[in-house]
Amino acid sequence: MSGDTARYGIDELAELGGVSRRTVRYYVQEQLLPPPLGVGRGRHYGRAHLDALLRVKSMQEAGLTLEAVHHALSSRSAAPLLAREAFGREVWRRLALAPGLELHVRSDVRVPPASALAALSEWCRIHLGQTGDRHHADD
Amino acid sequence: MPTTEPTPASRVPAGLLAAGTPVPLEGVSVNALVTSASARVTIAQRYRNQERQPIEAVYVFPLDEGAAVCGFEAVTSGVHYVGEVRPRDEAFRVYDEALLAGHGAYLLDEERPDVFTASIGNLPPGAEVLIRLTYVTELATEGNALRFTLPTTVSPRYAPHEDRVGIGRSPDTTLNPPVAWRVPYGLDLTIALDLPGAITRVESPSHPIGLTLDGARATVTLAQTKAALDRDVVVLIEAQGLDAPHAIVETTASGEQTAVVVFQPRLEAALAPADVVFVVDRSGSMKGTSIEEVRNALQLCLRSLVPGSRFDIVGFGDRFVSLFGNSVPYDETTLARAAEHVALLQADLGGTEILPTLQAVFDRPRSELPRQLVIFTDGEVTNTDAVLALIGRQASHSRVFTFGIGRGASAHLVRGMARAGHGAAELIYAGERLEAKVLRQFSRVMTPALTDVTVDWSGLAIRTAPTIAPAVFAGGRVLVYAWLRDARPGTVTLSARGPRGTVSHTVTIDPGRAAAGTTVASLAARTRIRELEEGQEWLARRGSQQIERHAGQVREEIVRLACAYHLASRETSFIAVEQREVPVEGEVQLLRIPVALTSGWGGVDEQPRVGGNILALHVQDWDATNDAPGVQFLRRSEAAYPPPKSTGASQLALRVGRSLREPFSRESPGQRAARPPLDAVVALQRADGSWELTEKLARAVGVEWTHLTSASAEVSGTPDHGRIWATMVALAWLARHADESRDEWQLLAQKAEGWLSATVRDQASLARWRQAADALVNA
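Taken in order, these protein sequences are the chains called Y and R. Take 1 as the starting number for the first sequence in the numbering used here and just add one per residue. Take 1 as the starting number for the second sequence in the numbering used here and just add one per residue.
Some chain R residues judged to face chain Y by a derived CB distance under 10 Å, without partners named:
1. R88
2. D89
3. R164
4. D172
5. W181
6. L597
I should point out that these hints are in silico values taken from the structure, not numbers from a laboratory. Cβ atoms here follow ideal geometry from the backbone N, Cα and C, with glycine treated the same way.
The following block holds chain Y by itself, in its conformation from the complex (with noise of 0.2 Å):
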């Protein structure tokens, strides 16, 4: 088969990458691979599919976490498998506040009792206003 025009079943591509089916599945879910190509049983993946889940696959073999692995393909990193170091050493908690806002929270620091989050979120919706509806919150 060659290179553009190849098609896998989504089987195929889990073999192809050394990995489950349900791995494919999520890493669709996650938006790590494209959503597959076609609709309904004529789903399908191409070389490009091919190319992200190994190239996904090698950095998590290096030891990255799937966040890091997030970050490293938003960024368009040029090394992406640079040290470790680069990624998880310091630890955020990100909590939602209001749609479209949130609260970071270095993992060493206390996180608010619920009261003064609640508090705090009821403050941004009055003073802010809504920035969004669900769709917002969701992107």
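For this one, chain Y is given, so just place chain R on it according to the hints.
Structure of chain R alone, referenced to chain Y:
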């Protein structure tokens, strides 16, 4: 830009749910039947797609860690789609193919024995589906009570680095679903009790409950409909005849006969010194009430150590810190230092690196004393397998006892560690009275292990589960299952060699009188599967090719058993497919259902969001001659989703409250009313077992200081007379005022008696002074 830890909090749509984040799960309804040896539980989850496109709903939820999931079905438009058991990957393939073809598909995966994932595939707009799963489970015992636990939420778990990397989905993301402060779906629960003798007590440390009682049968409901799924539901049940050895035999539809024998051996505790290492989880999730519970429990443990013991306290989080650096002899100086250390203990060490901590403790040089680890944790980690494997490898020389702390502790880790380490587990719910549990646990810690435990089936059994007899402790329950050879009656004998000779219990089994059923068979198969899952070769993930081959055989055996007995397992999933004549088309939207953050988790939420009071029902206070059930409200139809009652929850709770002799309500130890005086007396005991003659003691036993000292004239002239007198008085007080909780202080009394007989040689004086102390206390 900081990278984000893939904690559940990072995916929390906190406050968004009200703003319309779609949650297709509308409610959870649970029905349970509790009998003497097991519970059968049916959980119904109702989903509805309120979106404009088809959805795939994924719900990660907890189950009892001993659950043998034996049934799974989807009900939609009045049609039942019964799930079948397939190897995990095959089940997923069927599921995924069905979704691609536009059919409906329903999948249940076991992620861990206590964490499951339900995937509700391709639900068209407006559609509703009821997922019903059934499991059977053994019930834990606590003293004379059965403990029924229904976990309701998956607490955020700490993932060490190795669990955040690896190909595909990491354990970190699998076991940490999105978390929200509140979720829009609630819980309804009905528990039917059918026990061998009259029910004498039903109590819930977690929720206000309603009770309908009729002798050996009862119905328990939550006083509140749509309760928050943010804490375990715990119900303690006492009934007559629960501790009698008994056997249950069942015949399945295929004619196979299985039996379970239940023993609760009565053994006298024979205390002996040990090398005790307390291992305390001081990670962030322990903040708040949990660490407070640990401080209280540890103070009691420290005073229960047998003279001649050695001990140390190791706290862990991102790193671990040891109080003494190694075990030190137990004396007044080390006790004082430890007590001071414990009083200041905080959950300030960050992550939950339990594995390297345990490794370091196991690596310590061993003394001549038997080594016992006592672990306090909420168990919220992803690397349970690795921890259990490590403990299992050390089990020949180190026993492990565990305390599970909090409203959503991982029972799988807490009980699993005790199983692997041939010890025992106690779960302490926030606010639950912990003294009895601590002292009960400690009498096990300070008792030499029983050796040569055997269960003799007198040739009746083809095979048993577990295949190796479990650890046996005084008052602890032992359940052993067997597949029976034929219908011949016979006896089963449990025997164990203890420090005071061999003890044995015998029960008769009669397969001729077997009932039809599958509960025993399901539990027998689950027990065997668990033994395989938690076995050494299976848990040692990396190893030689030989181990790999063996692991392959173990996997095959798990799949064979699970398919034959229709059970979910790590290797098998339930799958049901709804074949649709008209396929549902359109992009399927993935909706991961958020779970509620465990109440009190990490101290972030000290105020209960819903309910949460403790109500106890002391049934013996009721008029036993009254034929009518004790409480008649809250009778509920069998409908899975009753409409909300017009009566408010608080009113219901009040109506329960009026039936009580001593209704009490407490949320955290910090908010406790006056502590029972027993604790005050116990807290004053010295390392050697004696008490000091002090004003504090006088206050604790309720005697005027002058009165106490003047009465001590009886013993004056003897060296140490103050302590002898004080010890006599404390013992007399315990016998007089705390007789009901004798189990709790028996250990301390033994220690005190040991000190007295070593200090006072003259038996006649001892008896005379004892009388004087009795007279003083009884005055």
